[in-house]
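The listed protein sequences derive, respectively, from chains A and B. Residues in the first sequence are numbered consecutively from 1, following my numbering. Residues in the second sequence are numbered consecutively from 502, following my numbering.
Be a bit skeptical, because a hint or two may be false.
Okay, derived cross-link-like pairs now, EDC-like style, lysine to aspartate or glutamate, Cα gap no bigger than 20 Å in a straight line [to be verified]:
hint, chain 1, residue 1, chain 2, residue 2
1, B, Lys735, B, Glu789
2, B, Lys608, A, Asp185
3, B, Lys608, A, Glu199
4, B, Lys775, B, Asp736
5, B, Lys634, B, Asp736
6, B, Lys775, B, Glu637
7, B, Lys721, B, Glu803
8, B, Lys652, A, Asp460
9, B, Lys687, A, Asp244
10, A, Lys287, A, Asp244
11, B, Lys775, B, Glu797
12, B, Lys649, B, Glu637
13, B, Lys817, B, Asp612
14, B, Lys687, A, Glu290
15, B, Lys687, A, Asp185
16, A, Lys103, A, Glu350
Derived from the structure by calculation, the hints contain no laboratory data. Just so we're clear, the structure is a prediction, and the values are computed from it rather than from any experiment.
Letter by letter, the chains look like this.
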Amino acid sequence: MDFFSNLALGFATASSIENLFFCLIGVLLGTLIGVLPGIGATATIAMLLPITFQLEPVSSLIMLSGIYYGAQYGGSTTAILINMPGESSSAVTAIDGYQMARKGRAGAALSIAALGSFFAGTVATFLVAIFAPPLTAIALQFGAAEYFSLMVVGLVSSIALAHGSIIKALAMVSLGLLLGLVGTDIYTGTPRFTLGIREYSDGLNFVAVAVGVFGIAEILRNLESEKTRSLLMAKVSGLLPTKDDFRQMIAPVLRGTVIGSALGILPGGGAILASFASYTVEKRMSKNPEEFGHGAIAGVAGPESANNAGAQTSFIPLLTLGIPANPVMALMIGAMIIQGIVPGPNVATEQPALFWGIIASMWIGNLMLVVLNLPLIGLWVKLLTIPYYVLFPIIMAFCSIGVYSVNSNVYDLFAVAFFGFIGYVLVKLRCEPAPLLLGFVLGPLLEENLRRAMILARGDPSTFLTRPISATLLLIAAAVLLVVLLPSVRKKREAVFQEED
Amino acid sequence: MKTLNAIIGATALAAASLMSVAAGAQTYPDRTITMVVPFAAGGPTDTVARLVAEAMSKDLGQQVIIENVGGAGGTLGAGRVANAEADGYTVLLHHIGMATSATLYRKLPYDTLNAFEYVGLVTEVPMTIVARKDLEPTDLQGLIEYAKANKDTVTVANAGIGAASHLCGMLFMSALETPLVTVPYKGTGPAMTDLLGGQVDIMCDQTTNTTKQIQGGTIKAYAVTSPERLDVLKDVPTAAEGGLSDFQVGIWHGIYAPKGTPAEAVSRLSESLKLALVDPNVAARFAELGTEPSPETDATPEALKAKLEGEIARWKPVIEAAGEYAD
Numbered sequence: 001m002d003f004f005s006n007l008a009l010g011f012a013t014a015s016s017i018e019n020l021f022f023c024l025i026g027v028l029l030g031t032l033i034g035v036l037p038g039i040g041a042t043a044t045i046a047m048l049l050p051i052t053f054q055l056e057p058v059s060s061l062i063m064l065s066g067i068y069y070g071a072q073y074g075g076s077t078t079a080i081l082i083n084m085p086g087e088s089s090s091a092v093t094a095i096d097g098y099q100m101a102r103k104g105r106a107g108a109a110l111s112i113a114a115l116g117s118f119f120a121g122t123v124a125t126f127l128v129a130i131f132a133p134p135l136t137a138i139a140l141q142f143g144a145a146e147y148f149s150l151m152v153v154g155l156v157s158s159i160a161l162a163h164g165s166i167i168k169a170l171a172m173v174s175l176g177l178l179l180g181l182v183g184t185d186i187y188t189g190t191p192r193f194t195l196g197i198r199e200y201s202d203g204l205n206f207v208a209v210a211v212g213v214f215g216i217a218e219i220l221r222n223l224e225s226e227k228t229r230s231l232l233m234a235k236v237s238g239l240l241p242t243k244d245d246f247r248q249m250i251a252p253v254l255r256g257t258v259i260g261s262a263l264g265i266l267p268g269g270g271a272i273l274a275s276f277a278s279y280t281v282e283k284r285m286s287k288n289p290e291e292f293g294h295g296a297i298a299g300v301a302g303p304e305s306a307n308n309a310g311a312q313t314s315f316i317p318l319l320t321l322g323i324p325a326n327p328v329m330a331l332m333i334g335a336m337i338i339q340g341i342v343p344g345p346n347v348a349t350e351q352p353a354l355f356w357g358i359i360a361s362m363w364i365g366n367l368m369l370v371v372l373n374l375p376l377i378g379l380w381v382k383l384l385t386i387p388y389y390v391l392f393p394i395i396m397a398f399c400s401i402g403v404y405s406v407n408s409n410v411y412d413l414f415a416v417a418f419f420g421f422i423g424y425v426l427v428k429l430r431c432e433p434a435p436l437l438l439g440f441v442l443g444p445l446l447e448e449n450l451r452r453a454m455i456l457a458r459g460d461p462s463t464f465l466t467r468p469i470s471a472t473l474l475l476i477a478a479a480v481l482l483v484v485l486l487p488s489v490r491k492k493r494e495a496v497f498q499e500e501d
Numbered sequence: 502m503k504t505l506n507a508i509i510g511a512t513a514l515a516a517a518s519l520m521s522v523a524a525g526a527q528t529y530p531d532r533t534i535t536m537v538v539p540f541a542a543g544g545p546t547d548t549v550a551r552l553v554a555e556a557m558s559k560d561l562g563q564q565v566i567i568e569n570v571g572g573a574g575g576t577l578g579a580g581r582v583a584n585a586e587a588d589g590y591t592v593l594l595h596h597i598g599m600a601t602s603a604t605l606y607r608k609l610p611y612d613t614l615n616a617f618e619y620v621g622l623v624t625e626v627p628m629t630i631v632a633r634k635d636l637e638p639t640d641l642q643g644l645i646e647y648a649k650a651n652k653d654t655v656t657v658a659n660a661g662i663g664a665a666s667h668l669c670g671m672l673f674m675s676a677l678e679t680p681l682v683t684v685p686y687k688g689t690g691p692a693m694t695d696l697l698g699g700q701v702d703i704m705c706d707q708t709t710n711t712t713k714q715i716q717g718g719t720i721k722a723y724a725v726t727s728p729e730r731l732d733v734l735k736d737v738p739t740a741a742e743g744g745l746s747d748f749q750v751g752i753w754h755g756i757y758a759p760k761g762t763p764a765e766a767v768s769r770l771s772e773s774l775k776l777a778l779v780d781p782n783v784a785a786r787f788a789e790l791g792t793e794p795s796p797e798t799d800a801t802p803e804a805l806k807a808k809l810e811g812e813i814a815r816w817k818p819v820i821e822a823a824g825e826y827a828d
């Protein structure tokens, strides 16, 4: 069969000593830089891009892919250890991962993240290898109307499942949506809410907002008193997950893998939803939803798997169409062009060794990540024993460098400071930052696709119902609302984003 | 005596300053040069810059590193360079947007024509008029008639205000004297995805983005906007062949330095750019993107200055007629 000979070719390419070496270097560099607070995959790749130019095209892309996975894993590490997410995906990991760390279970949280990611990565790699072309065809069915309906599902399920502080959760989502409006309106070119500052004309930087409301706010809170600070240095018990942990993580990992793989295929922002969606689902499925926000294992295992599966399948549009699904993919295309390979729809037939080599290296890279990181966990956890008065200035310095390096924009640093303060106020008001981030990420997508769908339909709103995929998604959204409103179910409602009360 | 001393002093001073000028000219560049690209890493302009920077580094004996300062249609990066120290160690590689933003933005933090020294032109990337692969018309003439007949339903995608595809789309509609339905996207990627999926009808974009898709048969090409047909797309007629005689548009790229940069440094950079443009690696990579390096004669301050002035004058009425501003 073609598939097996292709895969054999891929593994033959990827497992040459040279390529294995570059894969290892990539994963290692990615982890080391990604683990610096506030630095996610995009910033890491942008920084390390030039060093790949001297290599063979296949080696350089394998190394870049390695950097990507490594950086993503590194981002989760800082999210768990110090509540400092470097990407939208790890913002969700921070919720329960950081709580586990505060309870002295940082090692277990890191192991769970690594193992869950590896499993999800393995499954998603095979999905990419076997089903890339048909999945692409499905992704192309998604137009503006479909993306709008998908975002509605995302918003509805997060709001509808919240209870207790539902007003606060709603307020946070709305605030996030409003913050998402900052920047130039792409349809008219009008700057909105930029206060006349040109540096904000492309919107607020996600990393700046996330680092502010999560990380800086947490530092401020920790500095309040000696007591909270010592929590970080609490006795670290057992680096590896226990048998019970393993039992608890199996189902979330499986569900996360499915959710992440499905959403990652959509180039118009599906992957962003993956970890949020998985978190919502896990909380809904859990027998002990009250654990969520206090270090629930499923709250780390599910989103981390979803996130990694989505990262893997988001290669599909790049590999089958030559179109980048996110800034990281755009960087990889730039790298390919500089190497003399212009990616397009025929890259699989024109460059089979490259195409299958990258797919095989995805799996090898994920394997290396696990092998590399399980021993490193001890080291990362030791970082927490550094006295806080030494640790927090270092964290602040690195996250400033990380945020600045994305766009060399000093206004992003002002945003970090501002949102750090806002985040601290929110902590004091017992409002959670996660719904705010979800609104912030979904808001622009929701608006952009709504307006584009209306333009394409010449102002006819029935387009959302006459297009079958869009109609189905809206039906799902309606069903979620209905289920929540039914009295028998209401009792079981739980606070999806309520991190602590 | 006094005068003699003064003369000696003045001569010594003059000699010293002459020597330092000479020394400065000889030693420039003695450290890393930063080339600001006012767009995100990985995009077509970034790619052009990295290829040229690598070739220039070889000649200058110093690393030319790329710094991506994206945002606000390239005006943030241009503004950064306009205010940078004019010592020859900060330069800007910008495309046609340098000329169009002078009109698209009614308030700019720099005066486009007076804030920069010119180093030279780098390349002019041709555009292609493309459509979803199942659009009915078979040639440009057919497309024009089809668009005029269905002006309320034919959709034209672009990558956002000020993008190459936006400019070309505006020019296309003004050539047809027919406004079509404009559908803006955030960047070329999503716009191309929707074109592949048949969600939108037409787009006019750089060969950098369209060549592989055209060759792969996933989209339909009606015309190239260059004066001659392109080697990589031999079957695609020029716009002039297709009946739009004046429709020539290319995304030209130039290198600039802050106003006041020493003339020696500027001419050294121009020399280096000339060598980079005949570098076989640069030419080969450019060819794969469907473009070619500017002729050596255009890698001069005069050529770039003339181009910028001409293009500002050319686009001003088009943008004003469309009434679409970016601020």
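Taking the hints in turn, this is what the structure says about them:
1. B:Lys735 x B:Glu789: 13 Å, holds
2. B:Lys608 x A:Asp185: This hinted pair holds, its Cα atoms lying about 17 Å apart.
3. B:Lys608 x A:Glu199: Distance of about 14 Å is within 20 Å: holds.
4. B:Lys775 x B:Asp736: Distance of about 31 Å is beyond 20 Å: violated.
5. B:Lys634 x B:Asp736: The hint holds at about 16 Å.
6. B:Lys775 x B:Glu637: Status violated; Cα separation ~45 Å.
7. B:Lys721 x B:Glu803: Given that 20 Å is the threshold and the Cα spacing comes to 38 Å, the pair is violated.
8. B:Lys652 x A:Asp460: Holds, because 17 Å separates the two Cα atoms, which is no more than 20 Å.
9. B:Lys687 x A:Asp244: Judged against 20 Å, a Cα distance of about 46 Å means the pair is violated.
10. A:Lys287 x A:Asp244: 15 Å, holds
11. B:Lys775 x B:Glu797: Holds, at about 5 Å.
12. B:Lys649 x B:Glu637: 14 Å, holds
13. B:Lys817 x B:Asp612: Satisfied, since the Cα-Cα distance of roughly 15 Å is no more than 20 Å.
14. B:Lys687 x A:Glu290: At roughly 40 Å apart (the allowed maximum being 20 Å), Glu290 of chain A and Lys687 of chain B break the hint.
15. B:Lys687 x A:Asp185: Given pair Lys687 of chain B, Asp185 of chain A holds - Cα atoms ~10 Å apart, limit 20 Å.
16. A:Lys103 x A:Glu350: Between Lys103 of chain A and Glu350 of chain A the Cα gap is close to 53 Å, so the pair fails against 20 Å, i.e. violated.
In terms of the numbered hints stated before, the structure departs from hints 4, 6, 7, 9, 14 and 16, listed from lowest to highest.
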